[in-house]
Amino acid sequence: MPSFFNENVAFPKLNSLKIKGIDELKMIWQNEFGTADSFCKLEEVKVEYCDNLMKIFPSNMKRRLCNLTRLEIRDCEMVEEVFEVQKPNVEETSNIIPSKLILSSLENLSELNSMWNKDPQGSLTFPHLKEVVVSKCPSLKSIFPCSIAKGLLHLQRLDIWDCGVEEIVAMEEGLGSTIQPEFSFPRLEEMELINLPDLVCFYRGLHTSSLPLLRALVVENCEEMKALALEFFSFKETQGSAYNDMQIQQPLFYQKAIFTDFPMLAKFSIEDCPEFHTFISKSEENIFTTMPLSLFNEKVTFPSLNYVKIVRIDKVKMIWDNEHVTPDSFCKLEEVKVRSCKNLMRIFPSGMQRKLHNLTWLDIDDCEMVEEVFEIQMSNVEEPNDITTATQLKHMDLRRLSNLKYVWSKDPQGTLTFPNLIKVVTYKCPSLKSIFPPSVAKELFQLHKLHIQNCGIEEIVGKEEALETVPPRFVFPQLEEMMLLNLPNLVTFYPGLHASSWPSLRKLDVKDCMEVKIFALELFNFRVDKVHCDIPFQQPLFFVEKVELPIVMMINQCQLSNADFLGKLEEMNVYNCKSLTKMFSSNISRRLHNLRKLVISNCEMLEVVFEVEIANVHQETSKTAPLHLKELKLALLPKLKHVWSKDPQGTVSLQDLQRVDALECRSLKNLFPPSVAKNLVQLRELYITKCGIQEIVAEEEGLEAAPHKFVFPQLEVMILVNLPNLVSFYPGLHTSSWPSLRKIDVVDCMKVKVFASEFNFQETHEFGIHQDSPWPLFLVEQTRTLQVRLPSMMLISHQKLTAHIFGKLEEIIVCNCKSLTKMFSSNILRSLHNLRKLFIRNCEMMEEVFEIEIANDHHQQTSETTPIHLKEMRLQFLPKLNHVWSKDPQGTLTFQDLLRVEALGCKSLKSLFPASVAQNLPQLQGLHVTNCGIEQIVAKEEVLLDTVPSFVFPQLQSLTLQHLPNLVSFYPGLHTLKWPMLRWLQVAYFMKVKYLSLNSLSFQETCGLIHQDISCQEPLFAIDKVTIASQYVDQERLVGDEEECGGTLSQLSGLRLYDMPNLMHLRDESSQLGRGFQNLVDLDIFKCGRLKKLVSSSMSFQNLISLRVSQCHGMLSLLTSQTAKSMARLERLSICGCKRMTEIIADTEESDDMEGEIVFGRLKTLTLYYLPSLSSFYSGKYMIGFPDLESNVDYDEEYSEEDDFDDDFDDDEFEED
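The opening position of the sequence shown corresponds to residue 1 in full-length UniProt numbering, with each subsequent residue numbered one higher.
A few of these clues could be false.
As the list claims (entries may be wrong) - Okay, the calculated beta carbon distance ranges per label pair: (1) Pro867 - Glu613: 45 to 55 Å; (2) Lys20 - Gly1161: 51 to 61 Å; (3) Lys910 - Pro980: 26 to 36 Å; (4) Glu223 - Asn358: 25 to 35 Å.
Calculated from the structure, these hints are not laboratory results.
Every residue gets a Cβ at the ideal spot worked out from N, C-alpha and C, and that includes glycine.
Let's have the full structure, built from the sequences with the hints guiding it.
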């Protein structure tokens, strides 16, 4: 494919050409064209992804490009040149072809050597070119030939990125010319030179350049560039010298000495140029190769410059020359960013001080040698000293300045002010001792955010140089957020008596400030005649003025009362302040009326949060200060003794408190004073973990007149974890009510003995609780005697809080409470009608969960039923638990919503359910009993009835019974049992069970034994049909006829039996049921040594997929041939360690059918492991086949009983999610 167009085609009107992804294309045009006007109207050419294209325009195309305005070439990896130029003839020299090209964009051309292969020397010009963008051309050494560069009068934008260019303009041919070129770009506004590691200069020879409208100059990662411009000292002086002999540093540009440099330049950015050291280099400096000291010197005038960015320019020591800053330079400077300049020592010299009035943004980062930002020199006597330069600086960010000693070298004392500062950030400045001089700090009226982190500061405001007779006042009327983080040397805001006011402060974080001892103190009196500054006292972080003093400051025509010095503070975080002993004095805490969140963490010396002082019998006695605190978090405060130093007795109100967290406060004995606890009407969450508290509410100071009532109408979650000293909620007679409580966790509370008890308000408190009775965690009001008329009853939202003390409680978790003996009394249990989840674990003294009291016949409540909507109950490791229910509630309490019940490690538990509860579990889906001492799942009915009890679990899907050595039966007597939805049955480690079920029994045979001990062998599950004698019903009927009882296990899909050494039968031989296991998918039988047969000969397993049998030494064979015929879906069969098994499949005498075959059509894996007596797989009369068998494993080596698939029996495998 020689070319895309040849001489046989003509396109006289074609104006747009786009070619993309033609890999075989090597040339677009040939040297000959069909017609003279072909392609003459071409305006736009775009070529992309042509991997073998080598050239764009051949030399004979140049006369056809007069209308071309847009050219884009990208991702053509073999292109070497764009315009082919041949040496012009004599006739062509005078015939100049001006192109209308406006945009040229070249991108990702890895083999591009040149845009023009030769200098057209005026035969082809581009006077209209406005934008040139070249990127990712690593082979390109220059952009323009010299003649092209001289004619770019309309060029506005020049961007060169990621290229191998060494010069922008190639060296002019004919080096011997004495006339030096002059390059003028009168319209150029933007130039970006980025990632050009080989760029040395704009043009290699002596020249001059002019860029009068340049507004933005970005130079990044130009490693070989040393200077941006060199003053071209004299053409006459160089006429007699060869250029190559001059030992000068090559600049990017040469500039005439009399020319005003870059008058329109507004943006200057230079990055990653390690050899760069100056913007304008003097000619004499280059001759003697002296290193200039500053980036800008007196030869520079930038009247329009507003943005300067300098990054990783290592050889620059100063940005500005202090002695030679021209008067009109840098006056419009708005933003300065300096980063990673390793040798830079100062930012603004004193000579720049009066040029900073427009500066708004200052970022200095990672300049390790910088010692000061603003150099301040006070004016001489001859100069007026009342001239003030007010800067517009709004943002100042100083980071990673390891040698920074001063932000301001001296206090400017009003000659330089910063009234517009909004945000100040200092980070990792370890040598910095203070941030602001006093005169600057006093004028920060617009400051909104102050962030100081990882610095060496000792005070935020430096000490005033001149001794004042009146302590200074610092007012920050707009400051909303202050963060003081990891300041190990910080002692105080200002090192002396002073007052500070922060009326708009909303968030305050103080973290890792080791030397702060007191958070805030009041300055005792501003009106004293003499301040004794030498009086020793503990310096607080903040001094604030007393409220009584009517001192008001006028700031921007707004009155700021010192009474509101922290009036708008909403969030305060204090972390790792090792020396802090006290947070708030009494008067200061009263002023925090807008504080919403308070977090104090890891302050190891803190003893008190709120200091409380009760006023004498004066006017303030009845005043209440409302604190609108919503969230209080106290963590890792080992010496905290009091949250409140004493009970505020109503002088402070926290009605808005919604969440309280206390973590690892080992010295804290209680959390709330009584007056505070009585008023927590919005509290929703309470978390107390690893604290030393003995009670949650402190005991009333003085003699109590009457028991307290604590009502928490909104509390939803209460977590009490690892409180080894906790005994009770309140250490005196009281009642508590929690009508919205949804979840309560009590974990590792060793001394809690009783979860909740009742107290009768109508009896005197002397008889409320017997002295010898264990004190409960919660005392609640006795429901039957509650009287609404009691004057101390609280009204919340105009609704009476009645007997539903735990009315909305949904979840209770109690763990590791070593002394807890009983959970719920009968009446308290009745109030838990919304309880959904109950989890009790590792309470070694727990004896019963639900205390049941049956009312006498003469009481009205005998027939009342209280539904408990409990859905999940988990009881784990309760070694002394005797009863879950102390008695059979006989219908007075129902648990119809129970979905899952789990009992684990309850060695003293003899039964799980009372009979009346077990007969009413219509929603139960999972029942799991493991490692318990139970003898029956359901206890014997206390009142013997004339009917046989029936237990129906219509939704039960998963049943696990394992490690129950005392289990004899499901129920100790005649009964019927149904679970039609049972899918997973796991029975393991039983010692006394011999039968899983009985055959059909007639009550006519056993009616005389119904009320006596039945001596027959008790089955675990009596699920077969039962015939009842006529004297018990009107006529003899089948309770579980074949169809109904077959449906009892019709949904069973998994059955696992293991470690049952006395199990002899799954079903009796006389059982006629054939469909009990019809849906069984997985069957595992392990260590059932007395089991002789798997099932009777008539049993079928048409859905069985996996069958595993191990260590069943009583089996001579596994399956009958009739059963094997039904196992068409079996995929996995594993038999191991059955010592007496002689064959896997055996014929029975009933098998008269001589035809047919046994085919395991889906069996893929067959494992036979240690069967020492096995003589054949099957020796009967049927043909046997394994068409899909993939793996047949037969092990004959030495066998250990532990080497079977015991590890494969995952306890959770059969449990449904």
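Evaluated hints:
1. Taking 45 to 55 Å as the suggested C-beta distance range, the pair Pro867 and Glu613 conforms, at roughly 53 Å.
2. Between Lys20 and Gly1161, the C-beta spacing of about 58 Å keeps the proposed range 51 to 61 Å intact.
3. Between Lys910 and Pro980 the Cβ separation comes to about 28 Å, which falls inside the hinted range of 26 to 36 Å.
4. Take Glu223 and Asn358: their Cβ atoms lie about 33 Å apart, and the range 25 to 35 Å holds.
Checked against the numbered hints given earlier, this structure breaks none of them.
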